[in-house]
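Residues per chain are reported as follows:
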Amino acid sequence: MNFFVGVDIGSTATKCAIVDSAGNLVSSTVVATGARAIVAKTAALAEALRQIDAGPEQVAFQVATGYGRKRAEADGEVTEISCHARGASYLYPGTRTIVDIGGQDTKAIRVAANGKVETFAMNDKCAAGTGRFLEVMARALEVDLEDLGALSMRSQAPQAISSFCTVFGESEVVSHLASGVEVEDIALGLHEAIAGRVVGLMRRVGIESEVTMSGGVSRNIGMRQAIEKLIGCTMNISPQSQLMGALGAALIARDRWLAAEGHQREDANVQ
Amino acid sequence: MSNEAFSSLLQRCSEALADRRSYIETWKARRPGAKVVGYFPTYVPTELVIAAGALPVGMWGGPVAVSRANAYIQQYTCSIVRSTTEYALKGTFDILDAALFPPICDAVKLVSSIWNLDFSDRFLVDMVNLPERLDSTASVEYLGAELQRVGDTLAGLCGQPITDAALRAAITSCNRMRSLQEELYRWRRTAAGAGVSLAQMQTVLQAGTLFDSDEYVALLEAFFAASGLATSAGKVRGLPVVVTGLPCQQPHASFLDVFESSGLRVVNDDLFLGMRACGQIAMDGDPYANIARAFTESVALATRYHSQRPRHEFVLEQVRAAKAKGVVLLIPKFCEAEWFDLRYLKEQLAQQSIPCISLDFEEDPGSLGAVQTRLEAFAETLA
Numbered sequence: 001m002n003f004f005v006g007v008d009i010g011s012t013a014t015k016c017a018i019v020d021s022a023g024n025l026v027s028s029t030v031v032a033t034g035a036r037a038i039v040a041k042t043a044a045l046a047e048a049l050r051q052i053d054a055g056p057e058q059v060a061f062q063v064a065t066g067y068g069r070k071r072a073e074a075d076g077e078v079t080e081i082s083c084h085a086r087g088a089s090y091l092y093p094g095t096r097t098i099v100d101i102g103g104q105d106t107k108a109i110r111v112a113a114n115g116k117v118e119t120f121a122m123n124d125k126c127a128a129g130t131g132r133f134l135e136v137m138a139r140a141l142e143v144d145l146e147d148l149g150a151l152s153m154r155s156q157a158p159q160a161i162s163s164f165c166t167v168f169g170e171s172e173v174v175s176h177l178a179s180g181v182e183v184e185d186i187a188l189g190l191h192e193a194i195a196g197r198v199v200g201l202m203r204r205v206g207i208e209s210e211v212t213m214s215g216g217v218s219r220n221i222g223m224r225q226a227i228e229k230l231i232g233c234t235m236n237i238s239p240q241s242q243l244m245g246a247l248g249a250a251l252i253a254r255d256r257w258l259a260a261e262g263h264q265r266e267d268a269n270v271q
Numbered sequence: 272m273s274n275e276a277f278s279s280l281l282q283r284c285s286e287a288l289a290d291r292r293s294y295i296e297t298w299k300a301r302r303p304g305a306k307v308v309g310y311f312p313t314y315v316p317t318e319l320v321i322a323a324g325a326l327p328v329g330m331w332g333g334p335v336a337v338s339r340a341n342a343y344i345q346q347y348t349c350s351i352v353r354s355t356t357e358y359a360l361k362g363t364f365d366i367l368d369a370a371l372f373p374p375i376c377d378a379v380k381l382v383s384s385i386w387n388l389d390f391s392d393r394f395l396v397d398m399v400n401l402p403e404r405l406d407s408t409a410s411v412e413y414l415g416a417e418l419q420r421v422g423d424t425l426a427g428l429c430g431q432p433i434t435d436a437a438l439r440a441a442i443t444s445c446n447r448m449r450s451l452q453e454e455l456y457r458w459r460r461t462a463a464g465a466g467v468s469l470a471q472m473q474t475v476l477q478a479g480t481l482f483d484s485d486e487y488v489a490l491l492e493a494f495f496a497a498s499g500l501a502t503s504a505g506k507v508r509g510l511p512v513v514v515t516g517l518p519c520q521q522p523h524a525s526f527l528d529v530f531e532s533s534g535l536r537v538v539n540d541d542l543f544l545g546m547r548a549c550g551q552i553a554m555d556g557d558p559y560a561n562i563a564r565a566f567t568e569s570v571a572l573a574t575r576y577h578s579q580r581p582r583h584e585f586v587l588e589q590v591r592a593a594k595a596k597g598v599v600l601l602i603p604k605f606c607e608a609e610w611f612d613l614r615y616l617k618e619q620l621a622q623q624s625i626p627c628i629s630l631d632f633e634e635d636p637g638s639l640g641a642v643q644t645r646l647e648a649f650a651e652t653l654a
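Chains as they are written, first to last, in my numbering: chain A, 1 to 271; chain B, 272 to 654.
It should be emphasised that the hints constitute simulated quantities derived from the structure, not laboratory data. Just so you know, not all the hints are guaranteed correct.
Capping the alpha-carbon separation at 25 Å, the derived lysine-lysine pairs in BS3-like fashion look like this [what the hints assert, rightly or not]:
1. B:K617 / A:K116
2. B:K594 / A:K116
3. B:K380 / B:K604
Using the sequences plus the hints, can you model the full thing?
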């Protein structure tokens, strides 16, 4: 049986998704990227293949995406913007706006009804509004990153955070802690500050329902709610949100293989 | 690329730009007592400088580590303002006898004032007060008088009057330079010029802001004479796009190379000086008025406005003429003038269903990974 692999090599995590000939997601893995992207990619792919008891010879086509895509030694490389659009439109066909918050990039993408990217915007070189910013702040608050969102939900009086620079933001957080501000109030203030920046990026492409959120930060409930409050609608958030780019890459791998083979694409809904 | 004539032209331009001081020193050695006048982009009428017997030299910034200039200019200013001031403080521009500025934006007005206060003991600093509006008949009269004033200043500096005959000769040389640069653009859109990268074009055009105009004209004419015999044809690769942005701060060559490595081919742009800064200047009549009129008839930029010839029409014309599939809006970081135009340009392009993307940049390109991703993604949307 042929399988199609998508690998999303992000700055924090490397995600691998495998779809079968019908386009069903059959396997996925997430590993830490670490210092050597190619090592992470190899490990993620090996584990994903192991889960379905398949060998590398069964991989018909492989597409890499993410910042490490150039070194992935795949059959093709596609930007994470197109991959997130493909993945999100596949899971939620009504998607028109996608917000992806990854480790070092935040992207707002507007897609057409056929899933094609119409326009997009990305954060600049600054890490404000990305997963890395939250990671640094969680450390300053001495809170596990995974708990930061839930902790912020307990706040009744969010502490406004004015510094967008990660370094100055950390100093500001430390200063608030020293002043006796509750940790949950700082946490909510941080989420609201990032949400404001992220929604500003989304407005640059135009916010149109349905909105789908992807990327690792989508697992943070505090972040999700802060964004939803600003845009005035709920967002599609799949259990596979973190895998969206890898899934999109796997589907594009399948598209390319089918195109090369002269087959018609027959998507199967894996939602 | 395989065109030997272009390779030879490129090498000559690259070598001169890599060691501008040597070029200027050699030029001065051949003309004892002759002056060198630096000018800040986007546009200063170099014909006046040439007519005064001086060498006009573009004062470009570059990816220099800015340290001294931070004591003079805030850090949230465009990089060319900071880098040129750093160069001035390092003494790089001490070879100049004068520095002319156009009043293109608040940041440049600020920096010219700082230079006037702090560097006027090293070289003369003056502002050529160009009008902001191109669509007023008063602009021609006003600019003609302003050019007379600048001409008198230059004549005083150079110790020789600017005669009408000398000014007409300078206009002839600069007109020829601009028409050859236009021809170069047309040539690059043919199969023979298809292998020339955007960064290589930047080098050749930027060299026009260093070379003696007659020497530059001779170089380009020699290139066309030689390339006319060449039969080599490059393969046209990449999706055709137009790049628009303020022709003031220039992107680093490595930044420009990302366009091509992302699958895009820049078929037209308004990034460079020369033929973009000012069109052909008429020869009959008062040369000062003719320069002023040519300026008011030039294309609109973020910093110069014409109610009847809005900037987007020029961009749309470039798209149509080159059959481009999209537009890249290139914005110098912290450039208020370009940011002001951004939304308007995007709306105009959207009305014509022309895809576009905006990218900001600094002279120091830094890490280009995010730029690569943006441009590749744009290419994917165009494919």
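Taking the hints in turn, this is what the structure says about them:
As the CA atoms of B:K617 and A:K116 are separated by approximately 19 Å, the hinted pair is consistent with the 25 Å bound. For the hint linking B:K594 to A:K116, the alpha-carbon distance of about 22 Å falls within 25 Å, and the restraint holds. A threshold of 25 Å between alpha carbons decides the hint, and for B:K380 with B:K604 the separation of about 18 Å falls inside it, so the pair holds.
Of the hints listed earlier, there is not a single one the structure fails to meet.
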